[in-house]
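2 protein chains.
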Amino acid sequence: MRAGVFDSGVGGLSVVRSLLEQGLFDEIIYYGDTARVPYGVKDKNTIIRYSLEAVEFFKNFNIDTLICACNSVSAYAIPELRTKAPFPVFGVIEPGAIAVCNTVANKNAHILILGTRATINSGKYQHLLQECGFANMKGLAPSLFVPMVEEGLLEGPVLEQAMHHYFKDLPQTPDVVILGCTHFPLIKDAIQRYFPKATLIHSGEAIVEHLQNHLDFSEGKKETQLKLFATENPEGLKKVAAAWLGLEQKTLL
Amino acid sequence: MRAGVFDSGVGGLSVVRSLLEQGLFDEIIYYGDTARVPYGVKDKNTIIRYSLEAVEFFKNFNIDTLICACNSVSAYAIPELRTKAPFPVFGVIEPGAIAVCNTVANKNAHILILGTRATINSGKYQHLLQECGFANMKGLAPSLFVPMVEEGLLEGPVLEQAMHHYFKDLPQTPDVVILGCTHFPLIKDAIQRYFPKATLIHSGEAIVEHLQNHLDFSEGKKETQLKLFATENPEGLKKVAAAWLGLEQKTLL
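Just so you know, the sequences run in chain order A and B. Residue numbering for the first sequence follows numbering that gives the first Met the number 0, beginning at 0 and increasing consecutively. Residue numbering for the second sequence follows numbering that gives the first Met the number 0, beginning at 0 and increasing consecutively.
Honestly, the hints are just simulated from the structure, not real lab data. Hints may be right or wrong, so weigh each one.
Note that identical chains are pooled: a pair holds if it fits in a single copy or bridges any two copies.
As the list claims (entries may be wrong) - With a cut-off of at most 25 Å between alpha-carbon atoms, the simulated BS3-like pairs for lysine-lysine come out as follows:
(1) LYS237 with LYS43
(2) LYS137 with LYS221
(3) LYS137 with LYS238
(4) LYS226 with LYS137
(5) LYS196 with LYS167
(6) LYS187 with LYS220
(7) LYS238 with LYS43
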């Protein structure tokens, strides 16, 4: 089986890592729209327009399924993509919400949803969690976390001050924190230190379990071939892939 | 006279403010590529491609001159735009460098150039300052300053920590600091507090003087009509314009 993975930039490689570990696909085609990253500050119509361009790109590759690793795309574009794409389309928000439902028994738990402005404003996590019976949730868009991760500031005083800035006025200490952006798992240790008792949910990991429940992987574990494409600076994408995925750069197309 | 002002986002409105104060033009057409902001992290070819699209846009408006308020555009795209555009094109880097030459007498002064990664990597400021006889200069790309300004963090502990992060390892305290990005004048007070003895140069203000030296404004001061266009969220652009320019939002097109 051949999967397409679509992200606004390099962050979706964290989803690719989980997919490689599970060996679900024979081939993964990764498309990062690095020329127009970040999507999280763009409006709904722009996100949909760019996502439809990604679908056009993937039509060239005869993929069996498309995984949208970007939360902002997952928040706004999935219904439109499902109408237009000739292959099944999966986002990361529904799997993330399902992971909360499966992990957290107490329906009164305080759930903090961290995401881009686009993801939070869409209200999609909030809506799905309400449907699961949760009542205490708060969405928060700590916009500086994305450029901080891209700047390599994964710990230290700048990140500490930024966390304090965003978290200090929360009405309640959360029991659950949803890392609703592909960048946030890279600072999960710092977030866990800030909220030592909270359960952290990584929507990018949740998609793998979701796929296993929705597609037929009866053929067993595969050696996955990975092909990388970027709308800008493909060498940069390959470098991150080599570092994150433990692959040799020269083996990447 | 009718001028076009092109920026990657809303930051170029700081240049518009200076132009309005001087009343140089009968009309200003502002085009902010808010759907693809920021440019400062993109590569040269992408910046040129987007800038040529802006030229195509301005061809519809019969402008007399085009002002590129964005330093990243000024760093890479000016020669290409001058070849393709049917009107004179001005960037902000050359005026900024000239302002340093006119303001700073000591050729041994330590000059710190702050800009986006694209602006600093282009080496354009460095090259022009060398031509003016300066020898001690350092380029620095404090990438977090742009999202911090967009987040409204114009002072306080997050900005203080970020300044410390970027400035603490400078080999020398600068005598001159070039604010080589349209966002940076908004945190100039904080930067001045960090370097209390330094002279701050704002390339966006320098362009006004540069235009006065290169175009014929003999008709005297004008009441300027302003028209705003954005590739995304034009209402957001109008809000910033109303706040920064002291105009009533309803008077803006």
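### Task
Since the copies are identical, ignore which copy is meant and state whether LYS187 and LYS220 lie within 25 Å (CA to CA) inside a copy, between copies, both or neither.
Neither way: LYS187 and LYS220 sit 29 Å apart in one copy and 57 Å across, limit 25 Å.
### Task
Up to 25 Å between alpha-carbons, please classify LYS238 paired with LYS43: within, between, both or neither.
between (30 Å within a copy, 19 Å between copies)
### Query
Taking 25 Å as the upper bound on the Cα-Cα distance, should LYS226 and LYS137 be classified as within, between, both, or neither?
neither (38 Å within a copy, 39 Å between copies)
### Task
First find the shortest C-alpha distance between LYS237 and LYS43 inside one copy, then the shortest across copies, and answer within, between, both or neither for a cut-off of 25 Å.
between (29 Å within a copy, 19 Å between copies)
### Message
When Cα atoms must be at most 25 Å apart, do LYS137 and LYS238 count as within-copy, between-copy, both, or neither?
### Response
neither (36 Å within a copy, 27 Å between copies)
### Task
First find the shortest C-alpha distance between LYS137 and LYS221 inside one copy, then the shortest across copies, and answer within, between, both or neither for a cut-off of 25 Å.
Neither: 40 Å inside a copy, 51 Å across copies.
### Query
Within a copy, between copies, both or neither: where do LYS196 and LYS167 come within 25 Å Cα-Cα?
Intra 16 Å, inter 35 Å, cutoff 25 Å: intra-copy only.
Of the numbered hints given earlier, the model fails hints 2, 3, 4 and 6; all others are met.
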